[in-house]
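J.: Each chain is listed here by its residues.
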Amino acid sequence: MSTNNDKLVLGGHEFDSRFILGSGKYSLELIQAAVEHAGAEIITLALRRANEGGMANILDYIPEGVTLLPNTSGARNADEAVRIARLSREVCGSNFVKIEVIHDSKYLLPDNYETARATEILAKEGFIVMPYMYPDLNAARDMANAGAACIMPLGSPIGSNKGICTREFIQILIDEIDLPVIVDAGIGRPSQACEAMEMGAAAVMANTAIATAGDIPAMAGAFKKAIEAGRTAYLSGMGRVMEKGASASSPLTGFLQE
Amino acid sequence: MSTENQMKDQHINESILSDEIKEHQKKNRIDHMTYLPDMEVLDSDVMDRVIAAMNEYDYETYTEADVRRALAHDSRTPEDFKALLSPAALPLLEEMAQCAQAETRKHFGNSIYMFTPLYIANYCENYCIYCGFNCHNKINRAKLNPEEIKKEMAAISATGLQEILILTGESRKKSDVKYIGEACKIARKYFKVIGLEVYPMNSDEYAYLHECGADYVTVFQETYNSDKYEALHLAGHKRIFPYRLNAQERALKGGMRGVGFAALLGLDDFRKDAFATGMHAYLLQRKYPHAEIAFSCPRLRPIINNDKINPMDVHEAQLLQVVTAYRLFMPFASITISTRECARVRDNIVNIAATKISAGVSTGIGSHVEEVEEKGDEQFEISDNRSVDDVYNDLLKLDLQPVMSDYIYV
Chain Z
1 MSTNNDKLVL GGHEFDSRFI LGSGKYSLEL IQAAVEHAGA EIITLALRRA NEGGMANILD
61 YIPEGVTLLP NTSGARNADE AVRIARLSRE VCGSNFVKIE VIHDSKYLLP DNYETARATE
121 ILAKEGFIVM PYMYPDLNAA RDMANAGAAC IMPLGSPIGS NKGICTREFI QILIDEIDLP
181 VIVDAGIGRP SQACEAMEMG AAAVMANTAI ATAGDIPAMA GAFKKAIEAG RTAYLSGMGR
241 VMEKGASASS PLTGFLQE
Chain W
1001 MSTENQMKDQ HINESILSDE IKEHQKKNRI DHMTYLPDME VLDSDVMDRV IAAMNEYDYE
1061 TYTEADVRRA LAHDSRTPED FKALLSPAAL PLLEEMAQCA QAETRKHFGN SIYMFTPLYI
1121 ANYCENYCIY CGFNCHNKIN RAKLNPEEIK KEMAAISATG LQEILILTGE SRKKSDVKYI
1181 GEACKIARKY FKVIGLEVYP MNSDEYAYLH ECGADYVTVF QETYNSDKYE ALHLAGHKRI
1241 FPYRLNAQER ALKGGMRGVG FAALLGLDDF RKDAFATGMH AYLLQRKYPH AEIAFSCPRL
1301 RPIINNDKIN PMDVHEAQLL QVVTAYRLFM PFASITISTR ECARVRDNIV NIAATKISAG
1361 VSTGIGSHVE EVEEKGDEQF EISDNRSVDD VYNDLLKLDL QPVMSDYIYV
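Sequences listed follow chains Z and W, in order.
Using this note's numbering, the letters of the first sequence correspond one by one to residues 1 to 258.
Using this note's numbering, the letters of the second sequence correspond one by one to residues 1001 to 1410.
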């Protein structure tokens, strides 16, 4: 695989950056610097944070030229997600939508069934649907069949910074789903973002890890490098890992030479 | 409460008692555990489980090692919560605060939500001996009409706030559900987030107010010790302990998104009350996993005609212990810090564990605009008079991010 002309394609739109940045949990004034250091071309935004015409309106702080990815946080079922998505298209003027359907206030784990339902409705309405989901192969297939533009499985619970606890299952999605798989939620440090990319993830979305860093723009920059390194490693073909020490000293196929 | 119980009670707050109240306490009163007609009875075991857990809680048995173990845990159990609220945790308050701050940042980043309460009426049918609105307290009573509510809301909205908490005294007669509903409908025009802190009602009434635009309901249980509750709430609907305790569950059944909980610290044994408050929220969140949980941490304050009221043994350190214990037990919960506390305490607590702060507060009726003629007296004295701009700027100085709304009504 070549590293030249390596684009992330979502709903027909091409992106050079594979780092999707979140805009929550840190001061609005830092968003621009974070985007620049991250080299991010897509930034997520909770529509419920938009405060049009009012104080502290997050929309006023999104740099020009960055693709807005509104999310449906606050939705507890498919119908609410659909309503928020339609509103987000009006407010943000973007066809992109990240579906978040959550009716668990403790862990904020997504509801795959309701998410697939919302995906189907919104894809038919022309949205570029990016569903946030729990990494389950059947659910991912449902979402793909429903018209999703990518699949966004969680690495671990939102905000936990625990890394890719669902590694085996995300790997299955990467192997089996013919859509970009973007690891979202739980990525706590650049090395984990790199790991996701080495696994073959198409992109990484991160927020809390950057928002809770001492130097937010610098951490955004660190993630950028890690994601690029992981992508290059993946495209270069990862070296093999010796699981039982060196090569077997008595080959099982030696008899073929006898 | 029987004389025997009173002798055992180490937590009598003398500052709320007067000779007149002591006389009233001797009179016969209705049974506080029996529902009145028209009060909806839920088939729920939450109250019994909360009370049983509280009764079992012996905070003297916890040691420093228990507290350290609780702090080291990744997610904390009710047993950890007990340790964190125990006297053994007080010497570890700095560690608790550090840990609570890390949890707050993880779940909320540096966001602090701003709001203001709007008292639309102070008529009350209850006799809660520590409250300025109680029906025997001689204060100026008032109720805003829709036009006045509109003026007040317009004035509040002009300060930049997007969240309002509508409050009334607890009088179904003077402030009926329809009246509160009309206030919600007006609020929808000016605000994104509408919360209610009004008398407990039935789930169909909560459903109606949800349709009118409200999505959050807070009910202070005051104390979870039913004997003490009985001795403090001498008359009115509020006297019925189980009806109040189950209000949050009825609100959730009525379709509200979030519910708020509080014990009024200083009325009784604050450790037990704080524990029961946390368990109440914990059990309801397990039963209704989508419910957004909020805590308030009010301490007793002086009222008109009794400036001596104080929170007994709940000093600032104990308050901080309660707030940080809530945060560590339920890291995802919203925690509001009241204007009952001074600016110094509030600013420090939002920097550690609280996520919500009121600003531009008055607990009186009709005080946001001059044109509102009829004015009613306040519920309690506030300790932080800062305007919305002041609080906004002070949050920025703390490197915190004031958030006006993080919510969509769907």
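Mixed in with the good hints there might be a few duds.
Which chain Z residues stay away from chain W? Per the calculated CB distances, all over 12 Å, these [said to hold, decoys possible]:
#, residue
1, Glu14
2, Ile62
3, Ile84
4, Leu108
5, Glu120
6, Gly159
7, Ser160
8, Pro217
9, Pro251
Below, computed lysine-lysine pairings styled on DSBU-like, alpha-carbon distance capped at 30 Å [to be verified]:
#, chain 1, residue 1, chain 2, residue 2
10, Z, Lys162, W, Lys1287
11, Z, Lys25, W, Lys1189
12, W, Lys1173, W, Lys1150
13, Z, Lys25, W, Lys1375
14, W, Lys1308, W, Lys1375
I should point out that these hints are in silico values taken from the structure, not numbers from a laboratory.
Glycine included, C-beta positions come from ideal geometry on N, C-alpha and C.
J.: Indicate, hint by hint, whether the structure satisfies it.
T.: Hints and how they fare:
Against the 12 Å criterion, glutamate 14 of chain Z stays outside the reach of chain W, whose nearest CB is about 31 Å from its own CB. Distance check on isoleucine 62 of chain Z: its Cβ is at least 15 Å (rounded) from any Cβ of chain W, clearing the 12 Å threshold; non-interface status holds. A beta-carbon of chain W is positioned within 12 Å of the beta-carbon of isoleucine 84 of chain Z; the least distance is around 6 Å. The Cβ of leucine 108 of chain Z does not lie farther than 12 Å from every Cβ of chain W; its closest approach is about 8 Å, which violates its non-interface assignment.
Chain W leaves glutamate 120 of chain Z outside its interface by the beta-carbon criterion, the shortest separation being 19 Å against a cut-off of 12 Å. Against the 12 Å criterion, glycine 159 of chain Z falls within the reach of chain W, whose nearest CB is about 5 Å from its own CB. At the 12 Å boundary, the C-beta of serine 160 of chain Z falls inside the reach of chain W, the nearest C-beta of that chain being 7 Å off. Taking the minimum C-beta to C-beta distance to chain W, about 15 Å, the non-interface status of proline 217 of chain Z holds against the 12 Å cut.
Distance check for proline 251 of chain Z against chain W: the nearest CB is about 46 Å away, which clears 12 Å, and the non-interface claim stands. At most 30 Å may separate the alpha-carbon atoms for a hinted pair to count; lysine 162 of chain Z and lysine 1287 of chain W meet this at roughly 27 Å. Restraint check for lysine 25 of chain Z and lysine 1189 of chain W: satisfied, since their Cα atoms lie roughly 28 Å apart, inside the 30 Å limit. Distance restraint check for lysine 1173 of chain W and lysine 1150 of chain W: the Cα-Cα separation of roughly 22 Å lies within the 30 Å cut-off, and the hinted pair is therefore satisfied.
With a C-alpha separation of about 40 Å, the suggested pair lysine 25 of chain Z and lysine 1375 of chain W falls outside the 30 Å cut-off, and the hint is violated. Of the pairs offered as hints, the one joining lysine 1308 of chain W and lysine 1375 of chain W holds, with about 24 Å between alpha carbons and a cut-off of 30 Å not exceeded.
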